[in-house]
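Novice: Take a look at the letters that make up each chain.
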Amino acid sequence: MLPNQAAPGAPTVSPPFWLLAELTYQCPLHCAFCYNPLNYDAVRNELTTGEWVRVMREARALGAVQLGFSGGEPLNRDDLEELVAEARRLGFYSNLITSGVGLNETRIAALKNAGLDHIQLSFQDSTRELNDFLSSTRTFDLKMKVAKLIKQYDYPMVMNCVLHRYNLPHVGKIIEMALALGAEYLELANTQYYGWAMKNRAQLMPTREQVREAERVVEEYRARIGEACKLLFVVPDYFEDRPKACMNGWGSVFLGVAPDGVALPCHNARDLPGLNLPNVRDMALGDIWRTSHGFNAYRGNDWMQEPCRSCDEKGRDLGGCRCQAFMLAGDAAATDPVCSKSPKRDRVDQVIHFASQGGAGLDKGQVIEQPIVFRTNANSRAVAPGIIAGNTSGNSA
Amino acid sequence: MNQPRFPATPALSRRFRLQWEDAQQSHVLLYPEGMVKLNNSAAEILKCCDGKTPVDQIISNLEAKFQASNLRPDIEGLLAHAYQHKWIE
Chain A
202 MLPNQAAPGA PTVSPPFWLL AELTYQCPLH CAFCYNPLNY DAVRNELTTG
252 EWVRVMREAR ALGAVQLGFS GGEPLNRDDL EELVAEARRL GFYSNLITSG
302 VGLNETRIAA LKNAGLDHIQ LSFQDSTREL NDFLSSTRTF DLKMKVAKLI
352 KQYDYPMVMN CVLHRYNLPH VGKIIEMALA LGAEYLELAN TQYYGWAMKN
402 RAQLMPTREQ VREAERVVEE YRARIGEACK LLFVVPDYFE DRPKACMNGW
452 GSVFLGVAPD GVALPCHNAR DLPGLNLPNV RDMALGDIWR TSHGFNAYRG
502 NDWMQEPCRS CDEKGRDLGG CRCQAFMLAG DAAATDPVCS KSPKRDRVDQ
552 VIHFASQGGA GLDKGQVIEQ PIVFRTNANS RAVAPGIIAG NTSGNSA
Chain B
138 MNQPRFPATP ALSRRFRLQW EDAQQSHVLL YPEGMVKLNN SAAEILKCCD
188 GKTPVDQIIS NLEAKFQASN LRPDIEGLLA HAYQHKWIE
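Quick mapping for you: the protein sequence lines, in order, are chains A and B.
For the first sequence, the working numbering assigns the number 202 to the initial residue and increments by one for each residue that follows.
For the second sequence, the working numbering assigns the number 138 to the initial residue and increments by one for each residue that follows.
Derived by calculation from the structure, the hints in this document are not laboratory data.
Don't take every hint at face value.
[Said to hold, decoys possible] Calculated lysine-lysine pairs in the DSSO-like style (CA-CA distance at most 27 Å, straight line):
no., chain 1, residue 1, chain 2, residue 2
1, B, K202, B, K174
2, A, K313, A, K349
3, A, K313, B, K202
4, B, K223, A, K352
5, A, K445, B, K184
6, B, K202, A, K431
7, B, K202, B, K189
8, A, K431, B, K223
9, B, K184, A, K515
10, A, K346, A, K431
11, B, K184, B, K223
12, A, K349, A, K374
13, A, K313, A, K445
14, A, K445, A, K515
15, B, K202, A, K349
16, A, K313, B, K189
17, B, K189, B, K174
18, B, K184, A, K313
19, A, K374, A, K346
20, B, K223, A, K349
21, A, K545, B, K174
If we strip away everything but chain A, and leave its shape as in the complex, we get (with noise of 0.2 Å):
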């Protein structure tokens, strides 16, 4: 084989700019907005610390340049300076994707001296009572402490906040404490429905009305602090009429590897069926990238079906998410019905009239309980029994 040189017929294969080492599933949270499968607590053989050097070596050598240390919670693993050292050496731009848990002065010190670049730190809310409920722990002022120390060891700092309907309304407050906190950035990141969250989606989808609002107060604050802390806000694609470009196209730039080994074009590719997923502990990573079934499925537009085959629109949007057709639409393929030329657009309208209705709970007038599930190893092996998709190899149990 041809070095660069994807499968006859199939288009360019450029380079990969993002590895993302999903180092563990294991988290010390429990929140209800995860995209972690639901079966994750089925994975039980990670990497080692010498596969997950070959896997960056690999990456590095493909052209990947930024490195996302992420999971479940990233330093649960007690390699993480070991790993972080060797990115470092290869030349990758690292970032650790924290909960902040775990994060002592001793740590985040050899962290920084290993070359760790970034840190991007989660909160769940402004408020102590909803970061501790939705994260179903008790970790907001831990998280302040964290959020001090990243400052002290003079990293750039990003804080990330998962948006639903809950806390929504508090975007001003969470603008301010980023403030105060002296972030780089804020991620207001509006909730994905994939994993957990899709679990929890009729809990957590928020109004059009809510959106509108929280996008009003963020365009306020951009105004007045100009670039003082950058404000990344997305809306929801659900409340557009069309959909996100997602990863930016498959096998485009985005080659996430989960704790297992089996390598995921978007972080929720296990979760599509008819999917052959190789696994990093089978195949070089070259080939996974360039030649895999995996990678090559939705690459490019030849897979397209009709709206988005003959839509002058597809290179801009590449027709949107594929767990979204697949959960939405129930055909991976079809075009994602976010889009107001795909014909199950009326199921997107229905999650959101749904919602406007007052959500969850709210049934012609009877409350129904429909508690939120909350992303715990217990209810893991509740919701989801059973084998996770992907290459199984290496599984042992």
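Since the structure of chain A is provided, determine the placement of chain B on it from the hints.
Specialist: Showing chain B alone in chain A's frame:
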């Protein structure tokens, strides 16, 4: 009063890392979860922003290096752009 268009002795911001990327065949600026691909002249100018060399010296150094004259407008334009985007401080 007008803000200065760029610092008199510019330094690359510690918030950015400048490096050569083989895959891009160009110099890039790296920052949290992002990258700016630089053209050759932007990279040459930013490499001079060491926090010690004044702008006039940077200009004469680059004019000597590339055997060119009247680079001032281009260099000052790039420095203004870089300062606006906080690449230099």
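Novice: If a hint holds in the structure, say so; if it doesn't, say that too.
Specialist: Comparing the hints with the structure gives:
1. This hinted pair checks out: K202 (chain B) and K174 (chain B) have alpha carbons roughly 23 Å apart, not beyond 27 Å.
2. Taking the CA atoms of K313 (chain A) and K349 (chain A), the gap is near 15 Å; set against the 27 Å cutoff, the hint holds.
3. Between the alpha carbons of K313 (chain A) and K202 (chain B) the distance comes to roughly 36 Å, so the proposed pair goes past 27 Å and is violated.
4. A threshold of 27 Å between alpha carbons decides the hint, and for K223 (chain B) with K352 (chain A) the separation of about 18 Å falls inside it, so the pair holds.
5. Between the alpha carbons of K445 (chain A) and K184 (chain B) the distance comes to roughly 37 Å, so the proposed pair goes past 27 Å and is violated.
6. Distance hint between K202 (chain B) and K431 (chain A) is unfulfilled; the C-alpha atoms sit about 37 Å from each other, more than 27 Å.
7. At most 27 Å may separate the alpha-carbon atoms for a hinted pair to count; K202 (chain B) and K189 (chain B) meet this at roughly 18 Å.
8. Of the supplied pair hints, the one linking K431 (chain A) and K223 (chain B) holds, its CA atoms being roughly 12 Å apart against a limit of 27 Å.
9. Between K184 (chain B) and K515 (chain A), the direct Cα distance comes to roughly 40 Å. Violation of the 27 Å bound is thereby established for this hinted pair.
10. Only pairs whose Cα atoms come within 27 Å are accepted, and K346 (chain A) paired with K431 (chain A) is accepted, the gap being roughly 22 Å.
11. Distance hint between K184 (chain B) and K223 (chain B) is fulfilled; the C-alpha atoms sit about 15 Å from each other, no more than 27 Å.
12. Among the hinted pairs, K349 (chain A) with K374 (chain A) is consistent with the structure: their alpha-carbon atoms are about 18 Å apart, no more than 27 Å.
13. Under the criterion of a C-alpha separation no larger than 27 Å, the hint pairing K313 (chain A) with K445 (chain A) is inconsistent with the structure, at around 35 Å.
14. At roughly 11 Å between alpha-carbon atoms, K445 (chain A) and K515 (chain A) fall within 27 Å of each other, so this suggested pair holds.
15. Taken as a hint, the K202 (chain B) and K349 (chain A) pair is broken in the structure, with Cα atoms around 45 Å apart against an allowance of 27 Å.
16. A C-alpha spacing of about 26 Å is found between K313 (chain A) and K189 (chain B), which places the hinted pair at or below 27 Å, so the restraint holds.
17. Straight-line distance between C-alpha atoms of K189 (chain B) and K174 (chain B) comes to about 25 Å, which keeps the hinted pair within the 27 Å bound.
18. Straight-line distance between C-alpha atoms of K184 (chain B) and K313 (chain A) comes to about 24 Å, which keeps the hinted pair within the 27 Å bound.
19. Taken as a hint, the K374 (chain A) and K346 (chain A) pair is honoured in the structure, with Cα atoms around 18 Å apart against an allowance of 27 Å.
20. At most 27 Å may separate the alpha-carbon atoms for a hinted pair to count; K223 (chain B) and K349 (chain A) meet this at roughly 23 Å.
21. Between K545 (chain A) and K174 (chain B), the direct Cα distance comes to roughly 40 Å. Violation of the 27 Å bound is thereby established for this hinted pair.
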